[in-house]
Amino acid sequence: MMPQSKYLVYLAAFLLIVIILFPFPAQAQNFSVSPVEIKIDNLSPGGEAQFNLTIRNKEDVNHIFVLTTYNPGESERREGRAEFPDDSWISFSSRKVSVEANSEAKTKVTVAIPANQKWAGKDWEIWLRVMPEEREFLVVNYYIRLLVSTGGEVEAGTNVGLVVGTVVGILLLGCVVYYFRRKAEPKHPIF
Amino acid sequence: MKLGIITILSAIILALISCLPATAQASGNITITMTGAKEFSINLTPTNWSFGTVSPNSEYNTDLTQFTLTVDPSSNCQVNTFITGEDAVWADDPRAYNWTLSGEGKNDDKRVYALWFKGWDMGDYTQITKNQTRFYPSSLGGDNSVQFGLKLLTPQPDFTKGGTGYFSVGNATMQTHVTISAVAA
Numbered sequence: 001m002m003p004q005s006k007y008l009v010y011l012a013a014f015l016l017i018v019i020i021l022f023p024f025p026a027q028a029q030n031f032s033v034s035p036v037e038i039k040i041d042n043l044s045p046g047g048e049a050q051f052n053l054t055i056r057n058k059e060d061v062n063h064i065f066v067l068t069t070y071n072p073g074e075s076e077r078r079e080g081r082a083e084f085p086d087d088s089w090i091s092f093s094s095r096k097v098s099v100e101a102n103s104e105a106k107t108k109v110t111v112a113i114p115a116n117q118k119w120a121g122k123d124w125e126i127w128l129r130v131m132p133e134e135r136e137f138l139v140v141n142y143y144i145r146l147l148v149s150t151g152g153e154v155e156a157g158t159n160v161g162l163v164v165g166t167v168v169g170i171l172l173l174g175c176v177v178y179y180f181r182r183k184a185e186p187k188h189p190i191f
Numbered sequence: 192m193k194l195g196i197i198t199i200l201s202a203i204i205l206a207l208i209s210c211l212p213a214t215a216q217a218s219g220n221i222t223i224t225m226t227g228a229k230e231f232s233i234n235l236t237p238t239n240w241s242f243g244t245v246s247p248n249s250e251y252n253t254d255l256t257q258f259t260l261t262v263d264p265s266s267n268c269q270v271n272t273f274i275t276g277e278d279a280v281w282a283d284d285p286r287a288y289n290w291t292l293s294g295e296g297k298n299d300d301k302r303v304y305a306l307w308f309k310g311w312d313m314g315d316y317t318q319i320t321k322n323q324t325r326f327y328p329s330s331l332g333g334d335n336s337v338q339f340g341l342k343l344l345t346p347q348p349d350f351t352k353g354g355t356g357y358f359s360v361g362n363a364t365m366q367t368h369v370t371i372s373a374v375a376a
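Quick mapping for you: the protein sequence lines, in order, are chains V and L.
Under our numbering, the first sequence has 44 at position 44, and the numbering climbs by one with no breaks.
Count along the second sequence from 1, then add 191; that gives the number in our numbering.
Calculated directly from the structure, the hints in this document are not laboratory data.
Nothing here was measured: the structure is a model prediction, and the numbers come from that model.
Any given hint might turn out to be false.
[Stated by the list, open to error] In silico PhoX-like pairs for lysine-lysine, Cα to Cα no more than 25 Å straight-line:
1. V:Lys39 x V:Lys122
2. V:Lys58 x V:Lys106
3. V:Lys108 x L:Lys229
4. L:Lys321 x L:Lys352
5. V:Lys39 x L:Lys297
6. L:Lys342 x L:Lys297
7. V:Lys108 x V:Lys58
8. L:Lys301 x V:Lys106
9. L:Lys321 x L:Lys297
10. V:Lys96 x V:Lys106
11. V:Lys96 x L:Lys342
12. L:Lys352 x L:Lys301
13. L:Lys297 x L:Lys309
14. L:Lys352 x L:Lys297
15. L:Lys229 x V:Lys58
16. V:Lys96 x L:Lys321
17. V:Lys58 x V:Lys118
18. V:Lys122 x V:Lys106
Construct the complete structure from the given sequences, taking the supplied hints into account.
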């Protein structure tokens, strides 16, 4: 059986109204990113483009930054730009970037548009978000504008399977024809 | 023998033909333009804040100059700024007890709280929600700064006893985050 004093402690804890909005410890506040805007023109559906982002940590301690994408509302996009259709077309060499104190780190971003004619001739905008992993009550995030314009034609990729298949198929056909021709030839000369 | 040679040559020609469209497209001009010369950086001070001990269904305000957002003087482009909030969670066990950030500035339901911000030179308080909204109405440039304060409306009591409302956790620390984001204008 629980002692009565223990009941009193639980009751007191239950009735106390002590709710505090309180922060987490140290986070990255002083950092910057570059470039602040990237414009990719004439990227054909089926093609891809790559570029580097640089994160500068201006503090005396190491920090980790997380990279994601964000689709801004129409009012925040550049004029004439539509929403980027699928953020899975954008990939980062690493979603988390560790940057040492007072130094910078780069991460590679790849934009790959699927090979479909419906994505030709489009003008899109999406933002790349850089945020510190450690966060206090007030947090700073940066966005990089990514403007993508696609070309007019679908880029046909090298179909390795088709090429190899065609070569092998024709070689096999040649072997079969050669085999039957040899078979059809008389084995012993007729006098 | 002749047939064999012709067959092999045909295979090579067919393979080259199927490669041609890809080779032609790969030589197209993709232009990547980066505005690398532009850079911005913003600072927030202080980044920590505690409202102290709070009661259910009550409002708490910070001073309107409590927080300062400064665009770093080295920034050489204008920036647009945005603000978002999050649910508040019990620091000891975030899954066990939390408050949902209201999207309507109300605390009609239990465990729903609301947050607002107001710049010292702005009109009324603006609600902070989980959806990103503009922080400062116009763009900010290098060395610009904005002072602002926050207002908190705590949730309705989880239960009432003897006419007094209580939260169902006592002596607890609730944590939340307010995020200010910046993008080149």
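Hint numbers not upheld by this structure, sorted from lowest to highest: Going through the list in order, the structure violates hints 4, 5, 8, 11, 17 and 18 and respects the others.
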